[in-house]
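Q: Chains as they are written, first to last, in my numbering: chain P, 1 to 407; chain A, 1 to 337.
Hint data in this document are derived by calculation from the structure and do not stem from the laboratory.
Every residue gets a Cβ at the ideal spot worked out from N, C-alpha and C, and that includes glycine.
Do not rely on the hints blindly, as some may be mistaken.
Pairs of lysine-lysine, DSSO-like flavour, derived with a Cα cap of 30 Å [said to hold, decoys possible]:
#1 Lys46/A to Lys199/P
#2 Lys199/P to Lys47/A
#3 Lys299/A to Lys211/A
#4 Lys393/P to Lys211/A
#5 Lys199/P to Lys51/A
#6 Lys190/A to Lys211/A
Footprint (simulated), chain P over chain A, 3 or more residues, beta carbon under 8 Å [to be verified]:
#7 189-197
#8 237-249
#9 260-266
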Amino acid sequence: MTDGLTLYIPEPPTRPGDTPDFSHLEIPAAGAMPRPPTDAPAETLRDMAYGLVRVLDDAGQAVGPWAPGLSPEQLRQGLSAMMLTRLFEDRMFRSHRQGKTSFFMKSTGEEAIGAAQSMVLDRRDMCFPTYRVLSWLMARDYPLIDLVNQIFSNARDPLKGRQLPILYSARDYGFYSLSGNLGSRFGHAVGWAMASAYKNDDSLALAYIGEGSTAEGDFHEALTFASVYHAPVILCITNNQWAISSYAGIAGADETTFAAKAAGYGLPGLRVDGNDFLAVWAATQWAVARARANLGATLIEFFTYRAAGHSTSDDPGRYRPADEAAGWPLGDPVARLKQHLIAIGEWDEARHTQFESELVERVRAAAKEGEAVGTLGKSKPPVSEMFEGVFEKPDWRVREQREELGV
Amino acid sequence: MPSMSMIQALNSALDVMLARDPDVLMFGEDVGYFGGVFRVTEGLQKKHGLKRCFDTPISEGGIIATAIGMGAYGLRPVAEIQFADYILPAFDQLVSEAARLRYRSNGEFWAPITVRAPYGGGIFGGQTHSQSPEALFAHVTGLCTVIPSNPYDAKGLLIASIESNDPVIFLEPKRIYNGPFDGHHERQMKTWADHAKADVPEGHYTVPLGKAATVREGRDVTVLAYGTMVHVAESAIEESGIDAELIDLRSIVPLDIDAIVSSVTRTGRCVIVHEASRFAGFGGELSALVQERCFFHLKSPVQRVAGWDTPYPHAFEWDYFPGPGRVVSALKRVMED
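Isolated chain P, as found in the complex (with noise of 0.2 Å):
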């Protein structure tokens, strides 16, 4: 006789009150990882999956075979995205403190993955993004103050009050529109990509999703799809930790890399240090070179650390080390990008501070541009928004109702 079986259940290393511990991670040196040729068949590339792809070392310089070989202003550019992306956000997040929105997520820590991605990727492309990944829109210049009054659902909503905040839409900045639910565009991605192929087009599909979501059926519905029509898309996994309060273990990480999940779907599969960005643009770039070959799919993923809560609404101090952030071992993406530029003799602390200065100036112009025109309750579109955009053209119920309302 045994004991009889007993039932697992996985639990994160540290809890409140205990010291941050991340010494079960392996972390690569930078630059230790080959680079293997763009057409490399998917089964020769298994240990990407296991690997990580650093470019940035220690001190700042770019190492190794990944290093994309950036000019400065391609760099500064980034920066200046991922700084304004951190900005807007603290920004943003005060704002609903004041009662000035309903809702805010902020995407401190990961803002390299979108800038860079937005950067490499063409503007013929398009996103299928998550809600952290703000930074892609801030790298094309989307304005400021259509996020803002966006998010304050004012007279001015780019999307009429229909939408929370921070579920952007932005078809001329390749950004397919959001949705709350976890995971459900995935598979839009591969049809856009598909679309494409099948129209002898030469447009690519970027989606993101989070490591929690890829235990939605969504993700391993669109990598079979991916896998077996060759579309050309790369599929990001940006794995930041944490899903709301559960630790990336509730969704498999103590069992594989989400990296390696490519392996069964006969797909290259890449992890990447996301809090560099570098790192990011690099293999971002391989992924797209491979696409456009017509090579098909790459599945990528990001390792990273969502730095803050969840949303507004999260108090990540109820489950997690209150300084675990600070403990991350791969460092902060604008610090460590900052770092570079002034390795590189291209920046300096004076300028970063000036800089900015010009930034929060420009974010607190924005904010106040959509606070007078009317924050959340004080300002809204008219009410027969409401009723627009339901079918191309409205039906009697939506006539009647509208009637019925008086708009």
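Knowing the structure of chain P, use the given hints to seat chain A on it.
A: Positioned in the frame of chain P, the structure of chain A alone reads:
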């Protein structure tokens, strides 16, 4: 005009649209080389090419997600779900994505997709090949739901659905794929051969969504039906000897409310017939609309004839199915002032 079964008419609609619009393509489980388990896509891959009509993984959620992405890009995909009973894994895609994409993006993106699915009972398909889930879709704002009852309408409605810029759930009553069925299962099966509505033009035409058809004019009671139940109701009306007006709704979203109100206002009585379970079925909505708009013209309570509130039972197919006997009873009840 050639005589076509509903299968042939649907195949013709798809053939016409593949030839006419290079942005139309279709896919689903077994639809490509094999031509679909009900043969609706037979020959289309061979005629129009592999990439216009192809097989997919057994993944309803993946099929619809892919279709939405293609639709957002600018194509007009037609996805087949092998049985309407299997559509539920794609429910989130239909409800949270296809139905709302235009609204939530303020018109930046939309999903001009058509989702075809064989549906309804009467073929001894048991719980998983017989259900009528139309009320689930009718409840979702932003989706159109279409249910043809004959070959002519099937082709015209399917072409209109593919050309629509809104997402359409196109439910094909599989019991009447090969012939009209009046509910008398004990009698020999009929084909569409001699039916007036089997005269189907070869080329392009549409039957607009949201326009009901008056199948039979009458003075004493209005019968509202769609799909297979149009034929069951027609037969029951003949048997009852009651002078009933029969309206085939053809689409439940958009709904031809004017046709319903104008008829019930005239007859003062209403019987609603559908295969789906009664409780919270689409008949409940129809009944409420008639009550709200025709109350002072009504001479008796609205009657509903529907499937029982049980899962679709295999051995009890004909005890469950709302056949002509139950429709006749409802017609008699509604005539008792």
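Q: Next, verify each hint and record whether it holds.
A: Hint-by-hint comparison with the structure:
1. Between Lys46/A and Lys199/P the CA atoms are separated by roughly 19 Å; this keeps the pair inside 30 Å, and the hint holds.
2. For the suggested pair Lys199/P and Lys47/A, the alpha carbons sit about 19 Å apart, so the restraint of at most 30 Å is met.
3. Of the pairs offered as hints, the one joining Lys299/A and Lys211/A holds, with about 26 Å between alpha carbons and a cut-off of 30 Å not exceeded.
4. Of the supplied pair hints, the one linking Lys393/P and Lys211/A holds, its CA atoms being roughly 15 Å apart against a limit of 30 Å.
5. For the suggested pair Lys199/P and Lys51/A, the alpha carbons sit about 10 Å apart, so the restraint of at most 30 Å is met.
6. Taken as a hint, the Lys190/A and Lys211/A pair is honoured in the structure, with Cα atoms around 27 Å apart against an allowance of 30 Å.
7. Coverage of the segment 189-197 of chain A by chain P is violated in this model, with 0 residues showing a Cβ closer than 8 Å to a Cβ of that chain against a need of three.
8. Counting residues of the segment 237-249 of chain A whose CB lies closer than 8 Å to any CB of chain P gives 0, which falls below the minimum of 3, so the coverage claim is violated.
9. Requiring three or more residues with a Cβ within less than 8 Å of a Cβ of chain P, the coverage given for the segment 260-266 of chain A is violated, as only 0 such residues are present.
Comparing the model with each earlier hint shows violations of hints 7, 8 and 9; every other hint is respected.
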